[in-house]
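A.B. asks: Listed below are the residues making up each chain.
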Amino acid sequence: MGIGGAMLKGIPVIGSPISVEAALQGGVDVALKKRMADVALNAARSKGATYTDVRIGRYLRQFVVTREEKVQNVVNTESYGMGIRVLANGCWGFAATDKLDTDSIAKAAAAAVAIAKENARIQTEPVQLAPQKGYGEVSWKTPIEKNAFEVPIKDKVDLLLKVNDTAMKAGSNYITSIIFSVNEQKYFASTDGSYIDQDVHRIWPTFFATKIDPKTGKFETRNALSSPRGMGYEYLIPKAADKITGMPTTLYRNSYDMIEDAGFAGKQGGEKMAAKSVEAGKYDLILDPSNLWLTIHESVGHPSELDRVLGYEANFAGTSFLTLDKWKSGKFNFGSKNVNIVADKLQPGSLGAVGYDDEGVKCGQWDIIKDGILVNYQTIRDQAHIIGLNASQGCCYADAWSDVQFQRMPNVSLQPGKAPLTPSDMIKNVEKGIYIVGDSSFSIDQQRYNFQFSGQLYYEVKNGKIVGMLNDVAYQSNTQEFWNSCVAVCDKSDYRLGGSFFDGKGQPEQVSAVSHGSSTARFNGVNIINTARKI
Amino acid sequence: MAILSQEEAQALMKKALSFSKADECEINLNGSDSGNIRYARNSVSTSGAISQTSLVVSSAFGKKLGVATINEYDDASLEKAVRRSEELAQLAPENPEYVPFLGPQTYSADNPKLFDQKTAEMEPKKRTDMVAQSLQVAKDANLTAAGFLQNTGSFAAMMNSHGLFAYNKYSDINFSVTLRSADGKGSGYASRDYEDFNDMDTLKLTKVAAQKANGSVTAKAIEPGKYTVILEPAAGIVLLENLYGALDARSADEGRSFLSKAGGGTKLGEKLVDERVNIYSDPQDPRLPTASWNGDGRPLERVNWIEKGVIKNLSYSRFWAQKKGVKAVPGPSGIIMEGGDASLEDLIKGTEKGILVTRLWYIRPVDPQTLLYTGLTRDGTFYIENGQIKFPVKNFRFNESPVIMLNNLEALGRTERTVSGESFQSAMIPPMKIRDFTFSSLSDAV
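If you're matching them up, the sequences are chains C and G in order.
Once you know that position 231 of the first sequence is 306 in the working numbering, the rest is easy, because the numbers rise by one and skip nothing.
Once you know that position 124 of the second sequence is 120 in the working numbering, the rest is easy, because the numbers rise by one and skip nothing.
Source of the hints: derived by calculation from the structure; they are not laboratory data.
Predicted model only: the values in this text are computed from it and were never measured.
Even for Gly, the Cβ is constructed at its ideal location relative to N, Cα and C.
Hints should not be assumed to be uniformly reliable.
In silico DMTMM-like pairs for lysine to aspartate or glutamate, Cα to Cα no more than 20 Å straight-line [said to hold, decoys possible]:
id : chain 1 : residue 1 : chain 2 : residue 2
1  : C       : Lys192    : G       : Asp281
2  : C       : Lys342    : C       : Glu144
3  : C       : Lys182    : G       : Glu117
Chain G residues, not near chain C, derived (Cβ > 12 Å throughout) [what the hints assert, rightly or not]:
id : residue
4  : Leu13
5  : Ile33
6  : Ala45
7  : Arg80
8  : Pro96
9  : Leu110
10 : Arg123
11 : Gly143
12 : Phe161
13 : Met196
14 : Asn210
15 : Glu219
16 : Val269
17 : Gly321
18 : Asp337
19 : Glu381
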């Protein structure tokens, strides 16, 4: 039977479905969501589930895409449905449906239980869940100042076309610019007695500006130095106090001047093309947070995920070199004493900030690397006991109502240095180095030892001074060696967040949005390769 | 049941179109039912059943376009989605590149291999049985298994106000497994993707992974540098897809592609790689059935992309084709790279010194100018000497361009169906022997 028929036959929990406009105006009525959740909880229990959680999600996304003087696309997407996860016979089962009448919900709950019971015969040990108290009916909302979905399309289009015009006047031949807005309206309920309503907002303005030289056939692209943020449209209202000037390009803290950055990008495309090709060898690297966030993500964030350490990702994302024996020893030198890495699910303005995770655990923060030593991992309810915890760290997330929740990375950030230090002071002490701004190519092995990263802008540093731009640069290192070569981290006045909307993991693959903060940091004697080739 | 029949899809889309007040309106509708099991540490971890559909409404007033999607299908929701796309279109400025929606098209009959009802409707018990077979191999060999099995039934349909209607139904079964030795020193992998579950042999594939895991435990470090390599299809596809997926006319014409030439113009019609390289796409091929139409309603037909090393076709958006006065060839679907008669074993036998690469992973672009990519070997890399596999070697990072690689071609083996571990797309790819493949550093990862 098709969905059309199912919609007619089923008995809706409420008279009429919720329109897009109603969703945009504040979401589905909480009482309705509680009633739907209770249908699922009761249906699963009656089929033999010993634990059930339900996530009702309405996911709104908006893309405004322009290139040069043209608007290419204005898209609003919406997805609404329910995911039901159960424990039966000690095994997980999951089913998801986008038909939210009582019959369909009950059927999905029964399907989840049937799957759990079927799979229990190929399970070796029953799932052991860390205890979690119920919070009753609670709510949380990203503390935004201006809801991006309420900003008129015209304002976004006008901004992007101005961005494009600015880059092209400054030298770009082509530019694509995008404002990507996300609103996750999530409702969680579990047999522990939690009914959690959350309204999560994210925004990502970005561009790709390309300069070509038809004579030589060469081209160079300079991407935006923005970062995706757990903020509203206020991120796109530039504030002077958020700008870091005095460096070769302006850098941005908690608000972004997209037009100004486009002007720099237009100019820098030509500079990149004219830049000297790097001589391969060892250099001291001064990494701006707009570059370092991705290195933190890949080389610290992923290897400290407990599910990877245990082998749950062995068939896809990989395992981890941060094995349990290294953590148990209490002496594993992940990095130098300057390296302090904190996991944080609360950090304001970050992509990972929520009140509660997707299995109803209140979020918090904790150390992962303390004074260079591995002290902790990131985990969820069914793995917490393996590292002796009696509570989850709140790292569970699913990217849609239709996908099962599992361990995802919290914001994982390098703490600023305690002594006053600015990036320009840091550069003054470098004899032979490269100052790298912005992220680009990234690749790391499945246990997170060997990595290679590139950037948007590379500046050669000689005897304490920036002497010009370089090209064809990539840095290759081994994670432990790299973090042990961290000799200095700038102070908190330089601290900024980078991040990704699309951290991929799991099968079927899911994406997660996560931020990584740092101040500019220095790494001595890192291997640089030259990436120029001829075809 | 999220798979609508042609008639059900038609009725729903007609209803949606009836709400349209725009100059033009187009509806894309798709849905899927899928079930999966994920396992690790020799035990099931997560699993699920997902049923979902999505309807996309594109409305245009003149050259102003707006798009909205929804997954609720009562009249009120359909009308809301149509109105919302119209509002977005009215708010959007004119797009000078807008091309009106297509009129009715003629599509080839569906490839009969595209949909298998039993694969679409597999029960949880069948999935569990298939995974149980895989787990048994691991336990018998004292190895640790992690894997994933998923079956999917799906459909895609589109209809517009100019009378275009298109519909395809698909089934899919996907399996991958990694076996690791208890000491963590050996790792092996196998994966496949088919339309029919009868083609999927989880037992045989897990045995292949077990052999690689056991064979790779005593890996030696050898110096990085340029080596002759034999890339198994699962390793070759992840580099090649970045070549055949980048045959876009517009970026080449605009001077920002590896296909752009100094002084202007493109390499279309020129020899780019070794003359033994022939790459085409054919939705009707029984070995790799794909859809008969693409997302904007254009028919998908056989296209030769690279013939005897020469770039024969580039893909065009409808706008760019109109501007250039050429046929709007859609991008590739169902890629087939021709091979030779040699088996993988024959290629190994004919190699004096070289490295057998069974899988490449974490492939990322480094320089679009030369199509330079980086990534690593994974799950079984072996040193070959005098036509024999001598010993396993530690993993390498490479920096290589598929263009350079296909110019350094030594030999091709028999083409076979493989699935990319990066894009999850399937293709027919032969094992390839390549000289001077650039490994730039060693990795300690297993």
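A.B. asks: All hints are to be evaluated individually against the structure, with a verdict given for each.
C.D. replies: We went through each hint and held it up to the structure:
Proximity of Lys192 of chain C to Asp281 of chain G is assessed by CA-CA distance (about 40 Å); at most 20 Å being required, the pair is judged violated. Annotation: proposed proximity of Lys342 of chain C to Glu144 of chain C holds, straight-line Cα distance about 18 Å (limit 20 Å). A distance of roughly 16 Å separates the Cα atoms of Lys182 of chain C and Glu117 of chain G; the hinted pair therefore holds under the 20 Å criterion. Annotated as non-interface, Leu13 of chain G keeps its C-beta farther than 12 Å from every C-beta of chain C; the closest such distance is 15 Å.
Listed as a non-interface residue, Ile33 of chain G fails to keep its Cβ farther than 12 Å from every Cβ of chain C; the least gap is roughly 7 Å. Residue-level check failed: Ala45 of chain G sits 5 Å from the nearest beta carbon of chain C, not beyond 12 Å. With a least beta-carbon separation of about 5 Å from chain C, Arg80 of chain G fails to lie farther than 12 Å from that chain, contradicting its non-interface assignment. Listed as outside the interface, Pro96 of chain G is consistent with that label: its C-beta sits roughly 16 Å from the nearest C-beta of chain C, beyond the 12 Å cut-off.
For Leu110 of chain G, the shortest C-beta to C-beta distance to chain C comes to about 19 Å, beyond the 12 Å cut-off, and the non-interface label holds. The Cβ of Arg123 of chain G does not lie farther than 12 Å from every Cβ of chain C; its closest approach is about 8 Å, which violates its non-interface assignment. At roughly 5 Å from the closest C-beta of chain C, the C-beta of Gly143 of chain G falls inside 12 Å, breaking its exclusion from the interface. Even its closest Cβ contact with chain C, about 16 Å, leaves Phe161 of chain G beyond 12 Å, as expected for a residue assigned away from the interface.
Against chain C, the non-interface label of Met196 of chain G holds: every CB pair exceeds 12 Å, the least being about 16 Å. Every Cβ of chain C is farther than 12 Å from the Cβ of Asn210 of chain G; the closest lies at roughly 16 Å, confirming the non-interface assignment. Every Cβ of chain C is farther than 12 Å from the Cβ of Glu219 of chain G; the closest lies at roughly 15 Å, confirming the non-interface assignment. Separation of Val269 of chain G from chain C is inadequate, the least Cβ-Cβ distance of about 10 Å not exceeding the 12 Å criterion.
Annotated as non-interface, Gly321 of chain G keeps its C-beta farther than 12 Å from every C-beta of chain C; the closest such distance is 21 Å. For Asp337 of chain G, the condition that its CB be more than 12 Å from all CB atoms of chain C holds, with the nearest at approximately 29 Å. No Cβ of chain C comes within 12 Å of the Cβ of Glu381 of chain G; the nearest lies about 25 Å off, and the non-interface call holds.
In the structure shown, a violation is registered for the earlier hints numbered 1, 5, 6, 7, 10, 11, 16, in ascending order.
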